[in-house]
Amino acid sequence: MSGRLTGRALGRPAGLSRRAVRLALVTAGAAVALAGPATAAFADGTPTPSVSVPASPSAGAGSGAAPAPAAPASPRVAGGTGATASPAPVPAPATGDRGAGAPQVTTVPKGGAQTGEAETGRSTVTVLAGSGLAVAGVAGIGFAVARRRAGAQG
Amino acid sequence: MLAALVLVPAPRHDPVRIEFAGGAPGASATAGPAPGTAPPPGAPVPSGTPGADLAPAAPAGGAVSPPARLLIPRIGVDAPVESGGLNPDGTVEVPPADRPGQVDWYREGPVPGRPGPAVILGHYDTRKGPAVFHRLPQLRPGDRIDVRGRNGGTVNFKVRELQQFPKSGFPTATVYGDTAGPELRLITCGGRVGADGHYSDNIIVLADYVGTTPPTG
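Chains as they are written, first to last, in my numbering: chain A, 1 to 154; chain B, 1 to 217.
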């Protein structure tokens, strides 16, 4: 309203200025929308590994051996931490033994293991597109301001 | 301002280092390739673990079976164990990236509790966040590791040392070489993150056999 009145009073093309401002705002909004997902890429609510903290971490820490083995019936860690280390000196042939003279590891893998893959940030395409939109938005705003100033002076 | 918002720096990753490197010569946070490493795949490898010939633990009895769960109380790990083999290119298989809480036992090696180096691998992280071995670098010598078998028995190990090596100089003999008794190796990633998102190093936990809790019932 006031913009329209001002434009009319100054005798400059108010419609052009409003269009420029709209264009700039839309472009800027698109730039922000592109930047948003990349910024939150590593905090998407799934940072928690599926590991569990035992109820009493100190119960089984260290090498101390409890003499009375508890029944490890539950698959939870509580059974495992409570029961430990009764020496089992009785060697027995069983499944998994590879026979005398055979290598303990039958096939040795090549090299190391790819046991990690970190988030390296947003893609190049996203960065370029976002940068381009941001530049266009800034240019649009600058254009609108320049037009408004020119109208105010002339 | 908009440009600054869009071009805000991407997430940075500090290098992953083991917190305590001790227990044997050659173990360090930035250890290089061990001498005599990387024999050709399939070749017999010598006993490579320093100290492996010291006080060999008595082999486990018939109580051991293929592993079902891995328990590391100090770092809160209670993870399912699956078995893994080799990729077509000869490298070791690792758990699927969509199962960050799972670890893989290398089935071409011994069952944990049998003489030899049992190897278990787990991710340090995935693109979605931390994984099961994210806190592995925090382990220290003396920490306890339990491997529960499918038969309900549990094999107990104790951390001897942690080592960190570049993947290009992976200490094959140390990890997969024959040992005097049952031993355990845990492997995850460490070091710096490259442009492809992969880490430069592997972190290896060497653990000695302590004993076995037989299955009940």
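Hints listed in this document are in silico derivations from the structure and should not be mistaken for laboratory results.
Each residue gets a CB set at the ideal place from its N, CA and C atoms; glycine is no exception.
A few of these clues could be false.
As the list claims (entries may be wrong) - If you anchor each label on the Cβ, the simulated ranges turn out as follows: (1) B:PHE20 with A:LEU128: 41 to 51 Å; (2) A:LEU128 with B:ASP14: 49 to 59 Å; (3) B:ASN87 with A:LEU25: 50 to 60 Å; (4) B:GLU19 with A:ALA129: 36 to 46 Å; (5) B:GLY197 with A:GLN153: 24 to 34 Å.
Inset, instruction - Starting from the range 50 to 60 Å, see whether the pair B:ASN87 and A:LEU25 falls in it by beta-carbon distance. - result: Roughly 52 Å apart at Cβ, these two residues keep to the hinted range, so it holds.
Legend entry - Outcome for the supplied range 49 to 59 Å, where the beta carbon pair is A:LEU128 and B:ASP14: Roughly 27 Å apart at Cβ, these two residues miss the hinted range, so it is violated.
Legend entry - Outcome for the supplied range 41 to 51 Å, where the beta carbon pair is B:PHE20 and A:LEU128: 44 Å Cβ-Cβ, so the 41 to 51 Å window holds.
Legend entry - Assessment of proposed distance window 36 to 46 Å (beta carbons of B:GLU19, A:ALA129): holds (41 Å)
Inset, instruction - Starting from the hint 24 to 34 Å, judge whether the C-beta atoms of B:GLY197 and A:GLN153 obey it. - result: Roughly 55 Å apart at Cβ, these two residues miss the hinted range, so it is violated.
Comparing the model with each earlier hint shows violations of hints 2 and 5; every other hint is respected.
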